[in-house]
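Chains as they are written, first to last, in this note's numbering: chain V, 410 to 802; chain P, 396 to 650.
There is no bait here: all hints are sound.
What follows is a set of in silico ranges between Cβ atoms, one per label pair, in the way DEER data are often shown:
id	chain 1	residue 1	chain 2	residue 2	range
1	V	Ser-448	P	Gln-429	58 to 66 Å
2	V	Thr-688	P	Ser-592	35 to 43 Å
3	P	Asn-613	V	Lys-672	53 to 61 Å
If you're looking for bench data, these hints aren't it; they were derived computationally from the structure.
We treat Cβ as the ideally placed atom computed from N, Cα and C, and that holds for glycine.
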Amino acid sequence: MSYNVNEKGYYGEFGGAFIPEMLFPNVEELRQNYIEIMSDSSFQEEFQQLLKDYVGRPTPLYFANRLSEKYGTKIYLKREDLNHTGAHKVNNTIGQILMAQRLGKSRIIAETGAGQHGVATATVCALMGIECIVYMGEIDIARQAPNVARMKMLGATVVPAVSGSKTLKDATNEAIRDWINNPEDTHYIIGSVVGPHPYPDMVARFQSIVSEEIIAQLEEKENISKPDYVVACVGGGSNAAGSYYHFLEDESVGLIAVEAAGKGIHSGESAATSALGKTGIIHGSKTLLMQTSDGQITEPYSISAGLDYPGVGPMHAHLYASGRAEFISVTDEEAMNAGLELCKLEGIIPAIETAHAFAIFESRKFTKDDVVVVNLSGRGDKDLETYIKFFNL
Amino acid sequence: MNRINETIRKDHKLLSIYFTAGYPNLEDTAEIIQQLQDNGVDMVEIGLPFSDPLADGPTIQESSTQALKNGMTTTVLFDQLKGIRKSVDIPLIIMGYFNPMLQYGVEEFCSKCQSVGIDGLIIPDLPVDVYHEHYQDIFEKYGLKNIFLITPQTSAHRIGYIDSVSDAFIYMVSSASTTGAKTGFGDVQMRYFERISNMELKNPQIVGFGISNHETFNHATRFSKGAIIGSAFIKFLKSHELSEIGDFIGSIRKG
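Model the full structure from these sequences, guided by the hints.
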């Protein structure tokens, strides 16, 4: 069985491009060109150069000594939090802005939930001098004020999404509607491995720099070519896709996906898509999503705005359905405690999304020789207010 | 013969009206369809509301949200349509997004459509190739015509493909937009309508998006078989009684 995308844009039964005809020319143009553009040596040269000089790659693979000691296993942290703009998101936006330039696009749109992808998009648009419009749910705008300010400082226009539940799902709808209304000059930079084919594959490829570096770094540090496990949190799933990418077909590497259970899987306030979702269509992709029995998409909940998405990328739906990856869900409280523990043991304040990945160590046990790589996907500066409130700091 | 195929053979320019089932009130569906037929509308598109209507602008989004709040579901809609064919004989088309149909079960959905007297479906997010490969046989088994959209950006080659898979009419989206976003047609649109007309496709074209009054209806139908009005009708329903529907239809036909 393959865990990568097939030539029709599917991961197993998931994926495809379920899009209105109005989007077809744009998505088709991208589908026909993305592999060729990405394989071009001048593209790769510019991409790698920017990742090195502008983003600050390679990010360290850090052996977490005290955390390893506490949990009796060897834990390495892939420090995506040290990227420019504070998360893995920028790997993808750098790639996509170069893609947009080569497709001759002069206007960029994006959706954002917590604002991390919006900031990463506004950043690369400033870098290239391209107009940038970011759609963000009205509710998220109110609760993520610092990131809204960052985007504005970077020259982006932030447009509130006022439809539906006014969060990430609706911001994505609005971005898609914008693309329908601007079919010729605009590129849509999707922030995760979601949306119609070829987006999940393209975003995964841009993020695959993460697993590529892990391989080289493990060789250097442990004299091994692969870890026993890779652990990542999953909202839409881009940091997980990037850290799994080169290990997808090697089943000796365990893949662990950590979802947000919110206040508990069956509390009615959760974002644990694998546990609560059924196959359906969201944002142009056939995947697992949270919905009513009548097929209406429901609103997820998580304390972390970045995991607050009712679906999951089609790659992850396939990894779940096939049993290739182990899915674990973690509550708000477990994640917050794990985040604080990482601060105390390693001196690293993680994003709350990322903190979910660390919460598995309380219950998921590893042997002392296991090499476990956790993708530390983002830093927690943006989440201070939530941390302050939660712990009464 | 399917009612849509019969209707498109008529001499006059066709007026098709879209409304969202369950809006303004849950139980309005049958009454709206009856009023539309009684006032000379040629065809009706019944919108099955969806939580995330990607191709729709604010007016249809809001009507969908309200309809869902009112309690509209796929099951409720089929119940409301049960007796509709006793008094309505114009073509009825369900327009909706694919996910609710997928959850209902595509074959079960099609079978129900046939049993209540639905003639065709418009599913904006079910692409023609996926339909052709996986669902065409099922739709045909239950006598349903699937209607595809084309836009000013659709290539001639793809229009040819869509024409070959279609057997009713082609839904010609007037300009690159979501529903209700633009109104009025300029030279660019008129040239596009004419270009498509000159392709001499086997399926007639009916124009949708951007038609709101007598003038835009006339422009839209100069090179096409008919036109579809959606957002403008939803806006009318927002501030009028169902008994006034005749006024709206009259204003489109006569100006």
